[in-house]
Every structure is written in structure tokens, then in C-alpha cells.
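Asker: In case you want the letters, here they are:
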Amino acid sequence: MGAILLLLAGCGGSKQAPATISIGLAGCQSGSDAQIGTSMLNGSRIAIDEWNAKGGVLGKQINPIILDDEGKSDKAVNVAQTLVDDGVVAVIGHFNSSCTIPASRVYNDAKVLEISPGSTNPQYTEQGFPDAFRICGRDDQQGPAAAAFLRDTLKLEKIAILDDKTSYGQGIADEVKKNFEAKGGTVVSYSGIGKDEHEFRTNIDVIKGSGAQALFWGGMYGQGGPLFVQLRQAGVTIPFISDDGAFDQAMIDTVGKDAANIYLTFGKDYHVMPGAADFIKKYNDTFHEAEGAYSVYGYDAANAILTAMQTAGTTDADKVSAVLKGQPFDTILGKIEFNAKGDVKESGYIIWTIKDGKFQVFGGNP
Amino acid sequence: MTADAAPVTSTITAILTDGVVKGAVYALVALGYTMVYGVLGMINFAHGEVFMIGMFACVYGIGVMSTAWGDHVVLNLLLGVAIAMVFSAAYGYANERIAYRRLRKAHVLAPLTSAIGVSTFLQYFIFLTVSKQNVDFPRYYSDWLTNGHVRFAGIDVTYLQVAIVGVTLALMAALFYLINATRLGIALRAVAQDQLMAGLVGIPVNKVIAFTFVLGSALAAVAGVMVAMYNDVLGFDAGYRVGLKAFTAAILGGIGNVPGAVLGAVILGVSEALTTYFYGSGWSDVTTFVVLMLVLLLRPRGLLGERVADKV
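Respectively, the protein sequence lines represent chains A and S. Take the first sequence: its position 87, counted from the start at 1, is 87 in the working numbering, and no numbers get skipped. Offset between the second sequence (1-based) and the working numbering: plus 1000.
Hints in this document: simulated from the structure, not taken from any laboratory. Keep in mind the model is a prediction, meaning the values are calculated, not measured. Glycine residues also receive a C-beta, built at the ideal position from the N, C-alpha and C atoms. It is possible that part of the hints are untrue.
So the derived list for chain A, only partly shown, Cβ under 10 Å to chain S, looks like this [what the hints assert, rightly or not]:
hint, residue
1, 192
2, 199
3, 200
4, 311
5, 314
6, 360
Between the sequences and the hints, there should be enough to build the whole structure, so can you do that?
Answerer: Below, the structure is given as C-alpha cells:
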């Protein structure tokens, strides 16, 4: 009997004080959004490696548990449950809004802190969860930026909108529609298409027939690239505008070097930020490839929560959350502050274009 | 930047044309479903995956050839199609030999379940060994087909679209001829009617069935290459959607019937296109299955599927 008690006590003891702190890294690493999702998590991995080299957080090494949600909602919930069962204290992820939103309910129930580097659908932080954060902007900030560009800069009256029917794609498309119409423009064609569809000829016929002066694509590069190619093949040269989900090297690879009249909304240019060069070099040396658009966000998200944990002196989600909301953080993207909802106070969406096979700030860096 | 809307008639013509092309793509895959069903009475759910393997075989084959002897567009493309056909046919044959042959006399659900298993297996096999992401078709090879136009009924039709419809019709005709006017066709029809009796009169039943799979898979490979060029992209899950649509088309036209598969596929393609025009593409899957249900309610064997004795 005594031996059993001792055994139980031993188990309880080791459970209360694990030798390492586990942090979940969740996002799509396979399927059509694999490239952007993997490069985002790779950014977080660099931050965790740096912290571990410096001695970890709260005196313990950080153990990253990296899981793939394949960009699917149901998989994301399973991944979330697995991470919670594995005893993670925080999760960096997910990438797709359609994954982050359902997974956030699991994390909230288990009191696990979540920070998404790339999910822009407003609903994620509108659910009232105290420990849910994001380090990117929201679609109700990104949509207006796109709409203002179309209406005020390009001075267009009629646009067509197509989205991929996901929380993310449809969310941003709705925002663009709302804001473009609020500015007195007309959306002459608005429809969605399944995320596994790669043939857009009939949609293009409709867009052509509607007299739209531009096409907004609400979705990812995996479909945005072929859509752009097929649009130009059909002889339609109107401006093509898309969102942060299309902001990946794979988009450039698909549309080709000669792509013209193509615009995207994304955050500010991190290349010109102090500290970015070191990170980019480290990323290239570690993974032997160029960083992705969301790598810096992944890196900053990891640094923000680890700093907050260190400051709070605990991994308790509510206490870390209070620190995150209570002070500014120095990141590659500049000084960031979280508001009460868990969103960053300044999103800074700007318009980018693809020129000479590269993403470039439209009109140059301010 | 002109803002004038195109005339409605030319939009409708364009929609109908693109719908027919979409249908022709479904048709090439549907032929494989319908042939296997005609001969064996089973639905080969792995057929969409064979189509997807054709896509990858062609793209990788072209890659190897352009490093081996340079980028001769037409030569490499044609050889790419041939490589795709060989690979797909090999997979089709292996599927039949490994997963279906021993289940031929089992309960009807056994080969069906096996086929679903093969489908999942092949999808994740390609996913894990070849590519976890979508791959762009090398446009250097497809640009002349996708950018070259002929004028037809007031709209521009690309060479590739002409090729897709032309190849589909030619292959359908060839298949129809093969089944109805050759010794091999007689053997096929005999096996379809009664495997035991066909065997007793000296028809090599196993070879005939294997041939059906090889032929259907090779057709799927041709479709795969053309779709990869047409969509500009391919991926491990590319077979699922087209496979589902093609299967629906085969049922719609009367499964087991060759012209029926093509007819069903074209109806499907056109109804999807018209739905996109009138209600938006979000509704196209809804129309597809409403059309299917209506046809099945009125003609339970499909549009051309009434003559059971003539199946194959």
C-alpha cells in the first residue's frame, strides 16, 4: 500500500513540474496552403531555438510540438485536442481562419493561450476568449484597404469578386464588397467557388460579361495563381487584386515574370525594418530556402508570448494574457500593442504589386 | 480600361463552350468508370487517382526529358502523354490484379470497399512520396495550346479546348467501334454477360478484364494531362473532384454505356456552366446533383442505360 501511494505521489509530482515547457506549433504544412503555413511555423521555430540557446523560458527548455492541420477545420480540432492532451501551455497557430476559429474553442475550454500569426478573419478574436491573440491584422482592416485602393486610387466603379467559400476567403470578400459599395461603387458579380476547384473559365466568362473593371480574389495563392493565369489567357487584362493569402512566392511562380496589373494587400514591408536582415539570414541558413510572407509574423508571435511568460513569471494563460495586453513589445515588425480583444492595435495594411518576379510595395516604401 | 459589358449573347456562347469543354474533361474520365462497370459490374473508385497519377507522370516525365535532350515542345509533350498513359495503365492493371481480382466472386460490397481503400491509398501514397503541395504545369510546354485561338461563333476558343473536345469525341468513337465491331469487343461483351460461359468458350477472361482496366486508365491519363494544362496546376487530391463528377456523369448517362457517359458528362458540364452564369458558381454542385436526382427519378437506369443486354 505504501509503495502504491509513493508511486502515485511520484506521478503527481512529475506531472506538476515537467522538465520542459511544451508549446504547440499548429498550422497547415501540407495540401494547397502548405508553403505559406510551413514557412510561418518555421519562423516560430527560429524564435524558440534562440530562446532555448539563451537558456529557455522560466529556466526551462522549450519543447515545440509541431502538428499539421492540413488546412482542414476538422483536422484542426483534432490537432488542438492532441496539443491540449500533450499538456502544451500555449499554441502558436493556426494559419487558416477556418482552422483557427474552431480550434480556438478547444484551447479556450482548456485554458491554453493561443496566438495566430496569420488568421485574419475578425470572428477569431470576436468570440470573447480571454487568451486568444493574433499578431496580424483583421479582414475588416484589410478589406477597407483593398476597397479604398480600387475606388480611390484606381477610381473604379464596377468590380467583380470571387472567393473560395472559406471563413477566410469569404470573410475578406464580404469586407471588400461592403466597403466598395459604401464608397459608391458597384459589385457587378459576386460568387464563391469550392477550394478544390482549379478551373475558372465559366466564372471568367461571367466576369467578362459583367463589364467589371477589376477582379478581387478572396482566397489563397493555390487558386489565385491559376485564376490569374486563366483570366489573362482569356484576354481579360483588368486589374487583379487579392489578399494576404495570395502573398507567397508560389503565387509569383505561378503567375510568371510577365504578370502585370496585379495587386495584393499585405502588412508593411518588413525587409526595411531593423532586425529583419538577421532573421532572414538565420532563416535561410536554417531551412535553406527563402522565408515566407508570414515567417516574420511567426517569429514575432513566438517572441511576444515567450517574453510575456518570462515577465509574468508563470505559464498560466490568464496571467500571460494580462501581460500581453498590458505592455508594448519590440518585434521585427516594430513596436506592437495588443488591445483587449487580443488584436494588434495597428495593422498597417498597404498595397503591394508583383513586378519583375518580386513582391514590391505599390508606389515604393513611404 | 474599357468598362463596357460584353453582349449577353457572346457571354452565353462563351459559357456554353466552356461548359462543353468541362463536360468533355469529365467524359474522358467517365469512360473509364463506365467501361469497368460494364464489364465487371463494379465501381472503380480509384479511377480518379489513376487520372491524378497520369498528371504527375507527365509533368515529371517532361522534366526528365527536358534535362535529358532539351526542351522540344511538341516531342516532349507527346512523349509526356505517352509516359502518363504507361504509368496510369500500370497502376490500373496493378489495382485490378492486387485489389479486385480475388474479390470478383465476393459479395458486391467487397470490391467496392477495396476500391475506396485503393483510392485513399493512392492519394496518400502520392502525397507522401511525390508532392505534398500543388505543382504548376510547366507552362513553357502548354502556352502555345492555351494562348493560341481559333474564332468560333463570335468567341475565341483556345487550341487546347478544341483538342479536349476533339480527343474526347475521337476516343469515344474509337471505344464504341472497339466494343461493337472488333473481336476484342465481342470478347468484352461476352465477359460482361457471363464470365463463366465466356471462359468455357475459350475467352481469356482475366486478360480481357485486365485490358479493360489498362484501357480505361490510359484514357484517364490523357484526360489528366489535358486537365493539368487546362487548369495550370496539379496536386495529389486533383483526382477526387473530377472523379466524383465523372462518376456522376457515368450514372447520369447510364452507367455501362459509352455514348451515355459522354452525354451525361456534357450535360453536367453545361449545367454547371449555366448555373455559374445564372446563380453563381457556389450553386454548381447543387445543380449537378439536382439534375442527377431528376434523371434517376424519371429514368432509373440513366439517360441511355435502358438496354441492359448491350452494356459494356
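Asker: Next step is simple, just say for each hint if it's right about the structure.
Answerer: Consistency of the hints with the structure:
no. : hint : verdict
1   : 192  : holds (4 Å)
2   : 199  : holds (5 Å)
3   : 200  : holds (8 Å)
4   : 311  : violated (38 Å)
5   : 314  : violated (38 Å)
6   : 360  : violated (22 Å)
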